[in-house]
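Enquirer: Keeping their order, the protein sequence lines are chains L and F. Each residue of the first sequence is one higher than the one before, counting from 1 in my numbering. Each residue of the second sequence is one higher than the one before, counting from 384 in my numbering.
Treat the hints loosely; a few may be bogus.
Stated by the list, open to error - Okay, the calculated bits of chain L under chain F, using three or more residues with CB under 8 Å as the criterion:
| no. | region |
| --- | --- |
| 1 | 40-52 |
| 2 | 57-71 |
| 3 | 277-287 |
Stated by the list, open to error - Keeping only pairs whose Cα atoms sit at most 27 Å apart, straight-line, the calculated DSSO-like set for lysine-lysine is:
| no. | chain 1 | residue 1 | chain 2 | residue 2 |
| --- | --- | --- | --- | --- |
| 4 | F | K502 | L | K244 |
| 5 | F | K488 | L | K250 |
| 6 | L | K183 | L | K250 |
To be verified - DEER-style ranges, computed between Cβ atoms:
| no. | chain 1 | residue 1 | chain 2 | residue 2 | range |
| --- | --- | --- | --- | --- | --- |
| 7 | L | E161 | F | H418 | 36 to 44 Å |
| 8 | F | S409 | L | G358 | 34 to 42 Å |
| 9 | F | L420 | L | P80 | 32 to 40 Å |
| 10 | F | H451 | L | E353 | 56 to 64 Å |
| 11 | L | R195 | F | G456 | 12 to 20 Å |
| 12 | F | H418 | L | K304 | 36 to 44 Å |
| 13 | F | G398 | L | T105 | 57 to 65 Å |
| 14 | F | A485 | L | E26 | 57 to 65 Å |
Hints in this document: simulated from the structure, not taken from any laboratory. Glycine is no exception: its CB is placed at the ideal position from the N, C-alpha and C atoms.
Read off the chains here:
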Amino acid sequence: MTKKVKMRDVAVLGVGLHPFGRFPPEKTYIDLAKEAISRAIEDAGIKWRDVQVAMYSHVREQASSAGLLVFQEFGSHGIPMIGNIENACSSSSTAVWLATRLIGTGLYDIILVAGSEKMPRGPLTSPLRYSPERYLGTGVMMGLYAFMTRRYMREYGAPIEAIAQVSVKNHKNGAINPYSQYKKIFTLEEVLNSRMVADPLTLYQCCPTSDGAAALVLCAADVASKYTNKPLVRIAGSALHIQKYSDRKKCIPQNTVRAAEEAYGQAGVSPKDVRVAEVHDAATIGEIVQIEALGFCPEGEGWKYTIEGKTEINGVIPVNPSGGLQAQGHPLGATGARQIAEITLHLRGEAGERQVPGSPKVGVTECAGFGGVSTVHVLVRER
Amino acid sequence: MKSFKESELKILPSGDFELLGMHCKSCGEVMFGLHPLCLNCSSPDCEQVTLDKQGRIRNFTILHVPPHQDWKGPVPYVIAEIEFSGGAVTTTQIVDIDPANAKIKVGMPVHIEIREADKTEEGDSIMIYVAKLLS
């Protein structure tokens, strides 16, 4: 599919987050992004003027060139800046996919990717303002996830209790993540007995809407040592795939299956090598099907793998040690970059209380999006 | 009366309606609605077909929250994926149903009706299609 060109190694030089949560209206998407970018620049050990391309992602700001207003706060030094790279929930991971190729082909050495969002309360629905879907109430994201849940339960005999366990685990992880929106631990009963949203998904099985920001400084691996002596985390695999029409025949997301195959191939690793992952758990079922698509366990067994504790922080492949979208929150434009920041911290050994044990060397991110997007990145620590 | 989405729903002068689909002569796929090319194989060699007004529930859920602030419909309400003979699938609301007591199951037959969703500035009805359980 992709043309084979010799690519340079690309590294994550710096990461920065603004905590996810709810902030007053006067704290705008610009303020959130500024804080995340300042932290990423500092973490990378670069100066703003070392940035050669700047890309920003949001989904729902209803602002033109939203990112330019962010970047110009740092002083505009004449570099290419992109005001919005939008691909639904996969927006900033799509920007990383692009940036990796711009650096990999040798066009640029240092690229900044940032994403932020201020989201209203209430369910996420069809992006079309005037459509039959709006009158029918069919374009509700959690309705689509409920379809997926019911289908999965029918095809693989999974009980809802097993799927809901994702929420229990991720809220437990989120409770010790200083950047997460929710720091509350729930029992399985509390998750199952919370308000019904889209049967069988209860409120605590659906991610919140959030404010927040994430930023990454990406660079050519051979210039990294000029700026930092932190462990070098390489983006060893980067793939973006779209759901095909015929994929509807399968319960497990085939876009992720293909993206994972491509990204593992680029990195020269297999799912067995992965020691930490951040995946798209917008609803609990998301994590179950994505860990299967990523090859962590056989198809139809993600629910068993989950209740056996294999995806816990101390498990075989810790999944969503951040708390995931479920607990850390989901400011759409920030999530993809946030996942890559999280894995970078774990590979560097800097994830604090939620640090995955055993000095992980290989981590994976998977970010899905409305419209059938899936982006997969494989991160490998080199030193 | 006019259709909210003319690529899926055709309102006839009599007030009756047709559900539109497309049959690909290249790969054989039958899909819901009209599209520039076959959704499965991108072939232009497709013919317009009229779908049955009866289908079966392929998947469903009961939504317990209003989807948006302007929602005038019931809460809770039921949405379902409906499969027509030949394999075309669409998602719509199942109307005139009490979600708390209805025993909805995958495979149940439904028939398609049209409803007014909105009015044009001239007061003309803008129609959408909905599903109803066949009892």
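Enquirer: At the C-beta level, are H418(F) and K304(L) separated by a distance inside 36 to 44 Å?
Expert: holds, 40 Å
Enquirer: So does R195(L) sit 12 to 20 Å from G456(F), Cβ to Cβ?
Expert: Given a distance of about 19 Å, which is inside 12 to 20 Å, the answer is holds.
Enquirer: Assess, step by step, whether the Cα of K502(F) is no farther than 27 Å from the Cα of K244(L), and give holds or violated.
Expert: violated, 36 Å
Enquirer: Is the gap between the beta carbons of S409(F) and G358(L) within 34 to 42 Å?
Expert: About 52 Å separates the Cβ atoms of S409(F) and G358(L), which means 34 to 42 Å is violated.
Enquirer: Indicate whether the distance between the beta carbons of E161(L) and H418(F) respects the range 36 to 44 Å.
Expert: About 41 Å separates the Cβ atoms of E161(L) and H418(F), which means 36 to 44 Å holds.
Enquirer: Does the Cβ pair L420(F), P80(L) satisfy 32 to 40 Å?
Expert: holds, 34 Å
Enquirer: Kindly confirm whether 57 to 65 Å is satisfied by the beta carbon distance between A485(F) and E26(L).
Expert: violated, 47 Å
Enquirer: Given the hint that K488(F) pairs with K250(L), test it: the Cα-Cα distance must not exceed 27 Å.
Expert: holds, 20 Å
Enquirer: Counting residues of the region 57-71 of chain L that have a beta-carbon nearer than 8 Å to any beta-carbon of chain F, does the count reach 3?
Expert: violated (count 0)
Enquirer: Please check whether the region 40-52 of chain L has three or more residues whose CB lies within less than 8 Å of a CB on chain F.
Expert: violated (count 0)
Enquirer: Do the Cβ positions of H451(F) and E353(L) conform to the proposed distance bound of 56 to 64 Å?
Expert: violated, 39 Å
Enquirer: Regarding the pair K183(L) and K250(L), is the alpha-carbon distance no greater than 27 Å?
Expert: violated, 35 Å
When held up to the earlier numbered hints, the structure conflicts with 1, 2, 3, 4, 6, 8, 10 and 14 and fits the remainder.
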